[in-house]
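*Asks:* The listed protein sequences derive, respectively, from chains A and B. Sequential numbering from 6 applies to the first sequence in my numbering. Sequential numbering from 25 applies to the second sequence in my numbering.
Because the hints were derived from the structure by calculation, they are not lab data. Here a beta-carbon is modelled for each residue, glycine too, at the ideal position from N, C-alpha and C. Treat the hints with care, since some could be wrong.
Stated by the list, open to error - Stretches of chain A that chain B covers, calculated by requiring three or more beta carbons in the stretch to come under 8 Å of a beta carbon on chain B:
id, segment
1, 21 to 35
2, 104 to 116
3, 127 to 133
4, 148 to 157
5, 165 to 172
6, 247 to 261
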Amino acid sequence: MNMINKAHEPLPLADFQRWMVSVVTHFGTDDQAWNSDVATAELSHDRALHNVLPSKTLTEYDRIGIYRRMYFLRMRDSLAVDFPSVLHLLGKPQFEELTEQYFTAHPSNSYTLNDTGLKFPSFVRSTTLPDKEFIAQLAELELAISAVMEAPEVPPISAVDIAGIPPDAWDTAIFTAVEAFSLHEFAYPVHDYFCAVEDKHNEFPNIQPHPNFVYIHRSNFHTQHYALRAEEYRLLELLIQGTTLGEAFEAVQQVFTNKQTNLEELQARISSRFQEWIMNGVFAAIRT
Amino acid sequence: MLPNRWNLPDLGFGVGLRSVHYDYILENFPPVDWFEVISENYLSQGGYSFYALEKIRERYPIVTHGVSLSIGSTDPLNFTYLERLKRLADLMDTPWVSDHICWTGVNGRNTHDLLPILYTEETLGHIVKRIRTIQDFLGRRVVLENVSTYVEFAASTMPEWEFIARMAEDADCGLLLDVNNVFVSAFNHNFDAKEFIDAIPADRICQYHLAGHTHKGTHIIDTHSDHVVEGVWELYRYAYSRSGGRATLLEWDEDIPSFEVVHAEALKARAYRDNAHAEGAGSGSAIVSTQKSEQQLLHAFANEYD
Ligand SMILES: [Fe+2]
């Protein structure tokens, strides 16, 4: 042990731990971290300096600084994994600044790093960032995709089950979605943005209000996200809320049939989309 | 050479399971003796990770290794976490449950780091009580690992190795001796790594860890980002000559190469183990030479850290 020129002085364990965490999680300079009100409330600067031993090559600040630097990198990487599109939009310097502000306001209190980003969208809304609503919704989309990835696996209804449904029973059929599924309506084109980050052939949208409807679904452990038209979104929403297929079709037709869209076209489109959902394994059960 | 006091199995040479290798393992089922898994990655029991783990479990022994037990924290034990850990340990039928001799945060705040212990009587009493509670709760042997540290404290009243030895005896727990962590801390704090190993009760060692690190000149960071260095292999051989047959595992967490490379690194341990046996039997102690490490590939994290 390097008991370099420092006499032993007893230190209560809880005081030491609260001091250490306050310094390690402070995002300012070493000086600011050691002298912050929270840190000095536990141990005065001199008392803390006495307790930390230097090595032959590193000062007291350097040694605690290793933990401070690693804390920042770990938290930043944790958010970057959760929110790659937000990182893309903001760029690294601004993303890092936001990381510091976020974890200062919402330090992790979970045993898993998977939870560290859960309050990020609401935090973004509380900032003065330009385009904060767009960024918050983009972050919500990214969280939703992660949630579907981690959802429990539930088998979808099989082709045999579907084939067994008598033709006249479809009208009153009620559907339940698999667990690895979610449906979203965004006021901004955040799904278009997400797709552009994912695939460079897609164009980046303007950051202006423009609705995006999306469903996220995992099948055979492959998570996919699909853009929906407004009427498709409404149909799927009604179905997973427990409306019968006949009533859901009826409701969608009433709202979405207008001069631009004739009824037959609409019926053809939503019917083919509905079949696609069945084939993709969106539903876990059908009650007839 | 002393047998492991609980006759826990010597599982052979294992590899830390990492998600980048799931597909390779599920397609090839390589001849690995066992896998260690980071408990926290599977506690929710959902998604592809858990599916892959269940498939792998059908063919290999699994040991759960946690990072969030926070055994040294003054916060109350988190029984929600412990319940999930117990469920996973039962499902995997892990021969022991391991974590680290450290704390990760206080006042409900988690730094997600393995923070250094204050080596005092107060800490010792606190940790021993908690280990006993956890061991009873989980119904399995708790095995705790020495961590790499970058700082020491004037308030500590005993060296790390004395603390660990007393903790293990008083709590009646097992030890996971990470020889890379001994090497890293010995360099950072200028102590003799062999003195550390000599102080550890060999019959309580249930497992070894091996890993690479990043040498920054003034200090060493435990990055698990490279091949194991010669000095760590030598320490492994030395520790092994005292303890004999114990499960040995290679950790690789940054700049992770192909599964074959990681597995080959783990299997290098066999040569050192054979050598240690030979030494234990009194037939000489020549160090078996190993492949030269490939060009070091530093991950962004190791590069960025300065
Ligand atoms: Fe380790």
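*Asks:* If a hint holds in the structure, say so; if it doesn't, say that too.
*Replies:* Structure-based check of each hint:
| no. | hint | verdict |
| --- | --- | --- |
| 1 | 21 to 35 | holds (count 7) |
| 2 | 104 to 116 | holds (count 5) |
| 3 | 127 to 133 | violated (count 0) |
| 4 | 148 to 157 | holds (count 4) |
| 5 | 165 to 172 | violated (count 0) |
| 6 | 247 to 261 | violated (count 0) |
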